[in-house]
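One letter stands for each residue in the lines below.
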Amino acid sequence: MSTLDLTGVLCPLNWVRARLALEAMDAGEELRLRLDPGEPIESVPRSAREDGHDVDVHGDWVRIVKR
Amino acid sequence: MTLTDAELERYSRQLVLPEWSGAAQERLRDASAIVVGAGALGSPVATYLAAAGVGRLGIVDEDAVELSNLHRQPLHFTPDIGVNKAASAAAKLAFLNPEVQVEPYPARLDERNAEAIVMGADVVVDCSDSFETRYVVNDAACAERIDLVEAGVLGFSGLVLAIRPGESACYRCSFPSPPLAGAVPSCREAGVLGAMAGIVGAIQALEAIKLLAGVGAPLLDRILQLDGHDMGQTIVVTSRRDGCEACARVPVAAEAYH
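Chains as they are written, first to last, in the numbering used here: chain H, 1 to 67; chain X, 1001 to 1258.
Among the clues, some could well be false.
[Stated by the list, open to error] With beta-carbon atoms standing in for the labels, derived distance ranges:
id, chain 1, residue 1, chain 2, residue 2, range
1, H, 51, X, 1222, 27 to 33 Å
2, H, 32, X, 1013, 21 to 27 Å
3, X, 1013, H, 1, 24 to 30 Å
4, X, 1194, H, 23, 57 to 63 Å
5, H, 29, X, 1241, 48 to 54 Å
6, X, 1176, H, 39, 54 to 60 Å
7, X, 1016, H, 28, 39 to 45 Å
8, H, 37, X, 1116, 24 to 30 Å
9, H, 8, X, 1099, 22 to 28 Å
10, H, 36, X, 1202, 31 to 37 Å
11, H, 2, X, 1071, 51 to 57 Å
Hints listed in this document are in silico derivations from the structure and should not be mistaken for laboratory results. Bear in mind that the values here come from a model prediction, so they are computed numbers and not experimental data. By construction, the Cβ of each residue, glycine as well, lies at the ideal position given by its N, Cα and C atoms.
Excised from the complex, chain H in its bound form (with noise of 0.2 Å):
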């Protein structure tokens, strides 16, 4: 599992940093992103599950198992 704090970082920038460590990881493995209330935290879920992969959010936490 790989954590990434990604409070601070603006759209779409949070969802590249994401989109990156994703390609990075093999399927069926987990990444929890930390995501700043508002704009992030709505967008790079929706952007995580359009790209196909399992997405949960718990507060400013998402988890995400890569496809």
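Use these hints to put chain X onto chain H, whose structure you have.
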């Protein structure tokens, strides 16, 4: 990932594309492109290739900027009149993206130097303005087995064809001989609108990026014809021609090395 923070930010809007990836961005960064001509097509082509992060760009043009070029060649500005176009383009591209290495070639590409200029490149983008040069560029790219994006623009009409020598039709397969002298007016005689050249050049740049990054479906064996009057688009399917002087022997020659 070996992309720097600055690169992530610079390319963030393409890195978020579903079709794109860090690996695609690195392929661009590690790639080398030759742009033949820094004029109406070469301006948008070189701009978009540099902006997208193609690592090394060679710009070939022996001409100097003229006042009458400026309406269609947006890499050159009024104070550049008299300056070599390759040098003028390289100066702007260095401001646009200092991460990219730009090499100006203030020379006319011809039979004697063509293969030496394109050698080692991953893609050649032909932005020249004469049929003679187009055949020379095509033959050199085929001989060196380098991907090529051909294009032409005249008046309100434009044409684009991507070429993977030995696999898809080359320019000479599709157009075995140049038009008869006088049948097609030169740019100088016929005129061209800058915006039309910009559209065609932008398509050329997109095709080169697709070939380099390995994304999308390039215009291989398909000639795109555009009509700027009504924005009509036609795809003409083409194919390799037996006995083509430029590319017929390419696969045989390549196999001989193995």
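Checking each numbered hint in turn, tell me which of them this model violates, lowest number first. Failing hints, ascending: 4, 7, 8.
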